[in-house]
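**Q** If you want the building blocks of each chain, they are given just below.
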Amino acid sequence: MLRAIRLFVRMYKFTISPVLHWIGGPGSGCRFQPSCSQYLLDAVEMHGASRGLWLGLKRIARCQPWGGSGYDPVGTAAAPSFRAANCSAE
Amino acid sequence: MDRTAWIAVSLCVIALVAWEVYVARQVQPRPVQQTFLSSPVASVAPVAVASPAAIEGSNPTPPGPTPAVNFAEHTETLSNNDVELRLTNRGGAISEILLLNHTAEIDQRVVLNAGQRVPIGAIVTDPSSAELPEFTTVPSANGLVQFHRTTPENVEIRKTFGFVPTTEKKDNFSYDMDVEFRNAGTAVYNQSPYFVTLGAAKPVHPTDVSSYTNLAWCVDGKAGSIDVNWFAASNGLFGLQKRPAREVYQGKVANAEWAGVTNQFFATLLVPTNAKAEEVWGTRRELHQPDGTSLPAVEGALRMPGFALQPGQTASVHFQIFGGPKLYHRLAQLGHNEAEVMNFGILKLVSQALLNFMNLLHHYLGSYAAAVIALTTIVNLALWPLRTKGNNSMRRMSALSPKMQELKVKYKDDPQRMNQEVMKMYKQYGVNPVGGCLPMLIQIPIFWGLFTMLRQAVELRNATFFWVKDLSQPDTIAHLPIMNWPVNILPLIMAATSFWMTRLTPKTGDPTQQRLMMFTPLIFVFFCYNFAAALALYYTTQNLFMIMQLYQSRKQPVPVLEKQSAPGKKSSGKRR
Numbered sequence: 001m002l003r004a005i006r007l008f009v010r011m012y013k014f015t016i017s018p019v020l021h022w023i024g025g026p027g028s029g030c031r032f033q034p035s036c037s038q039y040l041l042d043a044v045e046m047h048g049a050s051r052g053l054w055l056g057l058k059r060i061a062r063c064q065p066w067g068g069s070g071y072d073p074v075g076t077a078a079a080p081s082f083r084a085a086n087c088s089a090e
Numbered sequence: 001m002d003r004t005a006w007i008a009v010s011l012c013v014i015a016l017v018a019w020e021v022y023v024a025r026q027v028q029p030r031p032v033q034q035t036f037l038s039s040p041v042a043s044v045a046p047v048a049v050a051s052p053a054a055i056e057g058s059n060p061t062p063p064g065p066t067p068a069v070n071f072a073e074h075t076e077t078l079s080n081n082d083v084e085l086r087l088t089n090r091g092g093a094i095s096e097i098l099l100l101n102h103t104a105e106i107d108q109r110v111v112l113n114a115g116q117r118v119p120i121g122a123i124v125t126d127p128s129s130a131e132l133p134e135f136t137t138v139p140s141a142n143g144l145v146q147f148h149r150t151t152p153e154n155v156e157i158r159k160t161f162g163f164v165p166t167t168e169k170k171d172n173f174s175y176d177m178d179v180e181f182r183n184a185g186t187a188v189y190n191q192s193p194y195f196v197t198l199g200a201a202k203p204v205h206p207t208d209v210s211s212y213t214n215l216a217w218c219v220d221g222k223a224g225s226i227d228v229n230w231f232a233a234s235n236g237l238f239g240l241q242k243r244p245a246r247e248v249y250q251g252k253v254a255n256a257e258w259a260g261v262t263n264q265f266f267a268t269l270l271v272p273t274n275a276k277a278e279e280v281w282g283t284r285r286e287l288h289q290p291d292g293t294s295l296p297a298v299e300g301a302l303r304m305p306g307f308a309l310q311p312g313q314t315a316s317v318h319f320q321i322f323g324g325p326k327l328y329h330r331l332a333q334l335g336h337n338e339a340e341v342m343n344f345g346i347l348k349l350v351s352q353a354l355l356n357f358m359n360l361l362h363h364y365l366g367s368y369a370a371a372v373i374a375l376t377t378i379v380n381l382a383l384w385p386l387r388t389k390g391n392n393s394m395r396r397m398s399a400l401s402p403k404m405q406e407l408k409v410k411y412k413d414d415p416q417r418m419n420q421e422v423m424k425m426y427k428q429y430g431v432n433p434v435g436g437c438l439p440m441l442i443q444i445p446i447f448w449g450l451f452t453m454l455r456q457a458v459e460l461r462n463a464t465f466f467w468v469k470d471l472s473q474p475d476t477i478a479h480l481p482i483m484n485w486p487v488n489i490l491p492l493i494m495a496a497t498s499f500w501m502t503r504l505t506p507k508t509g510d511p512t513q514q515r516l517m518m519f520t521p522l523i524f525v526f527f528c529y530n531f532a533a534a535l536a537l538y539y540t541t542q543n544l545f546m547i548m549q550l551y552q553s554r555k556q557p558v559p560v561l562e563k564q565s566a567p568g569k570k571s572s573g574k575r576r
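Residue numbers (my numbering), protein chains in the order written: chain G, 1 to 90; chain Y, 1 to 576.
Mixed in with the good hints, there may be bad ones.
Stated by the list, open to error - Simulated pairs of lysine-lysine, DSBU-like, Cα-Cα distance not exceeding 35 angstroms:
1. 427(Y) x 58(G)
2. 13(G) x 242(Y)
3. 13(G) x 408(Y)
To be verified - Covered stretches of chain Y, going by a simulated chain G footprint (3 or more residues, C-beta under 8 angstroms):
4. 417-425
5. 440-450
6. 519-527
In short, the hints are calculated from the structure, not lab data. Virtual Cβ for every residue (Gly too), placed ideally from N, Cα, C.
All chains, full assembly: derive it from the sequences and hints.
**A** Shown next, in the form of structure tokens:
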């Protein structure tokens, strides 16, 4: 499972992501650092497949004009960084 | 670009060339096989008919030779403004469907089932050998053609063909076929399950991708299909999935709404309206062209249940036949889920909406090229404010990136603190990141829907645009002497505009990402090169829009990196 996720995300980063950036044009892209895909990878490494996936999906859900932005790494408990990123929005 | 980038670019180019070679190999005419020779309909060849083997047997019977014709064939014609039906006494069925308003190559009309072995709507016991008995044409008026035959068992078969009554002025491609069996004998007649032929479909153009030529059926609103490649032997990819050629496809389809044969743009569908189909049957035919090449065609038949007739009793089976272009809005009106033949995939709602919208635009603009450009314009105007905002914040971000790097180094041991500092800095300089991953991911279905829609929209056939003769085909203007490589202008323009755009884009983010951005146009050309020109037209227009926008944001003063004191005075350089 972990391996499949890792493979998928890496494939995404090198194939689908550039296409999306190109279609979306300039100004599209991740609002966070590290990017959502990297975040998902980190989260899966730190918290395991299911929890990591969930954290990654929550991060993607936050990555929109009304969400947060900036530096937002995977927290060890995942909660503090989430709050920090959210409060500082705009 | 650095060395790694060049290596990556070269690898992409090599992959592109390799792919083209692979595709060219696939499309290349296969060696002529001796299994079957399609002969003109009227040939009177005294070929020995293969013994009709049992269909229900475990071993499917191989496709037999052309059925013997030992009587004079003559045809009747039925026509409306869109179509001319050629009806033959050979099996009492539709031999060809001439589409009056659709041209194929070299100004020829598109003819469905042209030069095929079996007609559409013939009743046979074995579709492999397809023995077609002689029917008598009964003179009848009121736009109907009737065929009549009495079998050796003294059963009278009467087949009546006509147009389905309609109120629409154009694009009427539905025909009625009424089959009546009357037991004129004195004994009980048992009709075993029988097949109704669907005719055959072949690619419109020799260059068409063969996987569009399908045998299709629909059960409870869910379409299924197999394409011509299902039958072919496969060497597999690197030796995987190697399998021998398959002769016949037979699939149980309880209560199928329709079954038919289709290519990229046209379809022949058979709808049993008062009986339930049991099984769909199909085989592949190689149609030999005058120039020595061959086209893969798929031939089909639908098995109907048998019945028993008391002396004097009559059974009537009614079929509705659709034979024409796959115009989504017309198919959707027919009422037996015929529109499912469109094969839009999982995002069919998006594709259907986009197709309807494109047709609406065409209604007002009168040209499909203009409609595609208008569609792009509307989508891009909707995205304009978001993109302008994005462009501006990108420029600010890229101006801030040295400071960002400083902060990263300064607080690398305290991410929490760094986060706050970065946020503080963004606020100070009035940078407000827009966009994000979620909006980008939401765009995927829209573009995928567009992609699937444009590749099989029959509306785009023969729609012209400057040098483009047909928006549904690649706009090949010439072939390079090396490997006969086609020169397609629009995808090349598309690639050029993408490179231009990437150069204009302010640099933010990590270098790997930037480098990948340079390759994306290449990857896209790779996808779109032999695709419908409409798709390349769409992306070229979109690129031009984005370039315009980038220049517009460039004209504005370079973002001043000033700390803003008053929060109300934010984004000073963001005049529009």
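**Q** Find the hints from earlier in the document that the structure breaks and name them by number, from lowest to highest.
**A** Those not satisfied: there are none.
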